[in-house]
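Can you make the complete structure from the sequences, with help from the hints?
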Amino acid sequence: MTSTDLDLTTTAVPRPATSTRGRAGSARIRFGLAVIIVYVVAAAIGPWLVRFDPVATRTQDRLKPPGSRLSDGSLAILGTDQVGQDLLAQMLQGARISIAVGLATLLLAGTIGVTVGLAAGYFGGWLDSVLMRLADIQLAFPSILLAIFIAALLGPSVVNVVIVLAVSNWVTFARVTRGQALTTRRREFVDASRTLGAGTWRLIRRCVLPACIAPVLVVATVEIGHVILAEASLSFLGLGTPASTPSWGVTIANGRNYLADAWWISTVPGIALAFLVVSLGVLGDALRDRYDPRLRSL
Amino acid sequence: MAAYVLRRLFFSVFVLWGAVTIIFVVLRLVPGDPAYIMLGPDADQAQVAALRAQLGLDHSLIQQYATYLSNVVRLDFGQSFRLNADSMSLVLQRVPATVQLASTALLVSLLIGLPLGVVAALRANTWIDRGISVFSLLGQSTPSFWLGIVMILLFARGLQVLPSSGSGSWAHLVLPTITLALPFLAILVRLTRSGLLEVVHEGYVQTARAKGLLESTVILSHALRNALIPIVTVVGLQFGALLGGTVIVETVFAWPGVGRLLIDSIGRRDYGVVQASILLVATIFVGINLLVDLIYGFLDPRVRLAGD
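Residue numbers (our numbering), protein chains in the order written: chain U, 1 to 298; chain E, 1 to 308.
Some chain U residues close to chain E (C-beta under 8 Å, calculated; not the full set): (1) Ile148; (2) Ile150; (3) Leu153; (4) Leu154; (5) Gly225; (6) Leu237; (7) Ile252; (8) Ala260; (9) Leu273; (10) Ala274; (11) Gly281.
Worth flagging that the hints you see were computed from the coordinates, not collected in a lab. The beta-carbon is built from N, C-alpha and C at its ideal position, and this holds for glycine as well.
This is the structure in structure tokens:
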């Protein structure tokens, strides 16, 4: 893929490669960031504006279509669910859960992956072989199956979802960090620091780790969409967040039983989820093209 | 070639051993007595004692691991308390349905994904290419369980042209196949497009053109054939995601395959069946990747010589 192929600003007139290089994918980065900021703001302040009470049931307001007036006079913009909950309130709460789970998972998976990758790449030798074979085994195992298995044993809870998804997603971080560490540790400035008496810990922390940060952030952006999708899938199967914390996957699963009477319960959260994941995908691709085209195959 | 085959075969066995070990470790790492966890709160003392004996929980961890490995090698995952039958044979009964679904989805993805990728590459940076890119991005980002529900709403409830669940006829296969194929197809489009764009400026493509060959011959038998080589490996790895996807798609469409059995068994704490299903799917996946590696070695001699 060339750096500008998805760039919506590219015109029919070919521009010199050098001038577009520095600003590859600007439009895509702006688009992705804008959408994500809207989601984050909605998740942060939305639940305060539109109250969501997980235990409230209002039978007279059950399964009202989008735009209905409820018994207390309020407007249900996106309709209500099978117990009379406002769908918009539930989705704003769900955005909080999905984004928080995504970020926490990346933090945990990133920490594990970067640590393993640094150890493997910097020290090399048998440690590298053992850690990378472990990564190979995990890659050769469909990650959703591993997640399903661990989630089934741990039971549904928000913390467990984070653990499960981190365990099945650390490998990408480890591989990228290892590759970066392998090339960086042979650079002259690292040798220079070593000659000046810097210890192993200092070399890793001050020389090798900073070189890994940019590619790791790119990987994180590409991965967060996958993680949010995986969380929704697990929750849909009843193995993710419990029914009392309505993430989007839970809401979509609930709506399945009411497809004949209330199509909106399942469809609307899915659109919100897909649009977020699309935007994260656009942003991740654009960042990768701009900062690290070598990661293209991710 | 023989050395290469042996090396890949050894790696596959190694990976399967790793998968078995991960399952063993996870079962022991979860807090609590594995027998209690596997049987759930309703089990009586006799059942717990029987399972403890079967798993060898009174012995040391190393002995437990040895017992576990020997059971796995003999494909013995114990009896399913719920269905009162051998766990592995329960899973094997469900394999044909899953294989049918997965292979149809694979075929559909290849038949649509490859041509779309070729068209996108040949028309790179035109509106056709952008349209295909947007389609591919949507395909990769759409949650498949949601897509399945939307298609049930549209085609089964709305238009009433296709059945919403179950199996038995070709009509039953349509919606699950599309749902399962879409993400895989989307990845295939991207890979084909970028692979073809990379080789299209190679010397041998220019030579083929200079010889005066038809453009279709140049693209299909000179450029695409070489572009496909690296794609084969990624397709093999992505096939794992497709197999994982069967779990979700089978749940949405009540398709009677291994994935649905897996989710049902988790709900009923039937962990013998759970382990048997997961290991069976992992084995299929490892087997397919072994096949892919061997094909790759055959297509590109540099690969099999690299390690010698």
